[in-house]
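There are 2 protein chains.
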Amino acid sequence: MKNLLDGVEEILLMGPGPSCVPPEVYRALSRPTLGHLDPYFIGIMDELKLMLRTVMQTGNRLTFPVSGTGSAGMETCFVNLIEPEDPVLILVNGVFGTRMVDVAGRLGGAVDALPFEWGTPVDPQKVKEQLRKRHYKIVAVVHAETSTGVCNPVADVAALLDPDTLFIVDTVTSLGGMEVAADAWRADAMYSGSQKCLSVPPGLSPSTFSDRALQRIKGRKTKVPNWYLDMGMVIDYWDGAKRAYHHTAPINMIYALYQGLALILAEGLARVFARHQSMHHLLVTGLEKLGVEMLVSPNARLPMINAMKVPPGVDEAVCRAALRSKHKIEIGAGLGPLAGKIWRIGLMGHTARPENVDRFLGAMGEVLGRR
Amino acid sequence: MKNLLDGVEEILLMGPGPSCVPPEVYRALSRPTLGHLDPYFIGIMDELKLMLRTVMQTGNRLTFPVSGTGSAGMETCFVNLIEPEDPVLILVNGVFGTRMVDVAGRLGGAVDALPFEWGTPVDPQKVKEQLRKRHYKIVAVVHAETSTGVCNPVADVAALLDPDTLFIVDTVTSLGGMEVAADAWRADAMYSGSQKCLSVPPGLSPSTFSDRALQRIKGRKTKVPNWYLDMGMVIDYWDGAKRAYHHTAPINMIYALYQGLALILAEGLARVFARHQSMHHLLVTGLEKLGVEMLVSPNARLPMINAMKVPPGVDEAVCRAALRSKHKIEIGAGLGPLAGKIWRIGLMGHTARPENVDRFLGAMGEVLGRR
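Quick note, the sequences are listed as chains D and B, same order.
Position one of the first sequence corresponds to residue 232 (the working numbering), numbered consecutively onward.
Position one of the second sequence corresponds to residue 232 (the working numbering), numbered consecutively onward.
Watch out, some of these pointers could steer you wrong.
[Unchecked claim] Pairs of lysine-lysine, DSSO-like flavour, derived with a Cα cap of 27 Å: (1) D/Lys-473 x B/Lys-473; (2) B/Lys-233 x D/Lys-473; (3) D/Lys-233 x B/Lys-473; (4) B/Lys-572 x D/Lys-473; (5) B/Lys-559 x B/Lys-572; (6) D/Lys-452 x B/Lys-572; (7) D/Lys-557 x B/Lys-559.
[Unchecked claim] Going by beta-carbon spacing under 8 Å, a handful of chain D positions derived as facing chain B: (8) Arg-262; (9) Glu-348; (10) Ala-480; (11) Phe-504.
Worth flagging that the hints you see were computed from the coordinates, not collected in a lab.
Every residue, glycine too, gets a C-beta built ideally from N, C-alpha and C.
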């Protein structure tokens, strides 16, 4: 039988993730598999935790990758922290805020969704007004709304919260591409994805929990209704004095994440963030030259995911297919109310390099007949 | 900083999994990452589903890898099929049956655990008696109890069930190493792990759901209380006419699973099973020559995980550490009531080769001073 893997081509991944993976990470992925309780592997876990704390800017003891993709990280935060009837406020201005509402509702939370127009950021003034109406056990926000390219003002929201309200922050798309500061934001639970600015294949959700969050978990009246993601047990494997088997860790993906974090720290966080910012400007300038408009106003734009409006009269699916088939470039379509109206151009991690922006601008110009 | 990945050694993995990974699978792991909605990647998914159906011996449409390790597969089966107060019978003779009780209980199932002595198989006669006492919506059993090396009589249990009882079968350790037949067993939900006899690194849980199981999910009174693992949505990504984004699939792990399945099918299921069986006999014969006893009686022994009794007066942890450090061999310790009393020797997938059995027997003989 023909093996389809032989035909996998190198595609320039400029969608909403996965992003391009550096050669060092591919090599890490295929290092020999060790046992999940092997002493050498535990040494790798320990160093990975330290690197992740640096990238997440936290001293939290429980800082580790959940064994699933970014959405598993979201599930983990909510399932551990919510108990039935807990009042939860979720700030919604895109697909991922909407997903939070679904996740939290399934777990029995008394969820209020505070909506904002897609393509605009959360307005802290409105959050403040909502917080006067009801006391929330949990408030949750998406830092980088992957569906729209909007950056939400996480620190401003944090400043409004009661001391006993837990704060959940989604940094799936932002981590490793811009300032993300769990402790400064007083985030109690924060999760990300391996396949965005960390430039590791999808499959892990780097996450962190504050001691306050761990106290809340310990004080639950009911067991966490999810064995696989129960942090009360997972912590004994990732951080116990004697590492207790919980589930078999995804060894080779953890190697890859270790390598991805090591590359970011070797380059330096400040330089990595500056590179994302300058590639963003290079892209936006180029798009403007092509006569394309951006969805988001300049002060709320994310560097790593750029929503550009599909020009009038253009069939977005035809253009995307041409970019993929002729130019070997993947970009993202719009979702929900923005389907057919925008494209999403990712500049995440290893993708965020000048040669990629140039290649994309040339290809897009050709596809639009505007070069 | 020193990169710990450079120091990862090739260890002979003869524990309860992960098992040794063949070079073709390592190469597959590091093929270029594609997007999760890329048309070429969807072709890979489609072929993977066909291969998995062959290995699981099922025609089930929803046959695919859950994006998590084997325990995520367990979680998936229970969280989709149980609703609060549903009567559930779980047959327990080891760690993984015990884990099922915990998982199902957290989800609000009215769980009866029918216990059997660890190291002995489930007795269908006792199951029959229990089934007379109460009508169960779900019955669950572990095929290959990884914690004891016991093979449970899944087909015999299946024959006892009411037509409207759903049957959940754990084949984490058995799949790809011995006969596993979802349809012949009339299993409604069956899950496995990538890191056992499939010889792929840990991170995926190959799973299958019958149409009856899908009907039960569609007819639920409550939403599945787990967004990440909700099969009602995941099916639209893995099997929908238009592949709808749910969560970002673990692309490179899926490549690896594709390759692992392709290798098994190229060798042929019958030959793969015979190889496991003959390596098992080679191991047991060698252990008997060393004067070591097996825990499980011959008719209930699994080929791929072999529980041997720790000889009297021997410190099991010291021996295991010597095997790991001097001989670069990993074996498994006993769990729960068998901690300190047995070792578990895995002969899974790529590990199940004569040179590995010989190397292990030589090393174990030396460590025990009996060669």
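Cross-check of the supplied hints:
no.	hint	verdict
1	D/Lys-473 x B/Lys-473	violated, 47 Å
2	B/Lys-233 x D/Lys-473	holds, 25 Å
3	D/Lys-233 x B/Lys-473	holds, 25 Å
4	B/Lys-572 x D/Lys-473	holds, 19 Å
5	B/Lys-559 x B/Lys-572	holds, 22 Å
6	D/Lys-452 x B/Lys-572	violated, 36 Å
7	D/Lys-557 x B/Lys-559	violated, 49 Å
8	Arg-262	holds, 5 Å
9	Glu-348	violated, 22 Å
10	Ala-480	holds, 7 Å
11	Phe-504	violated, 20 Å
Hint compliance for this structure: hints 1, 6, 7, 9 and 11 are not met, and every other hint is.
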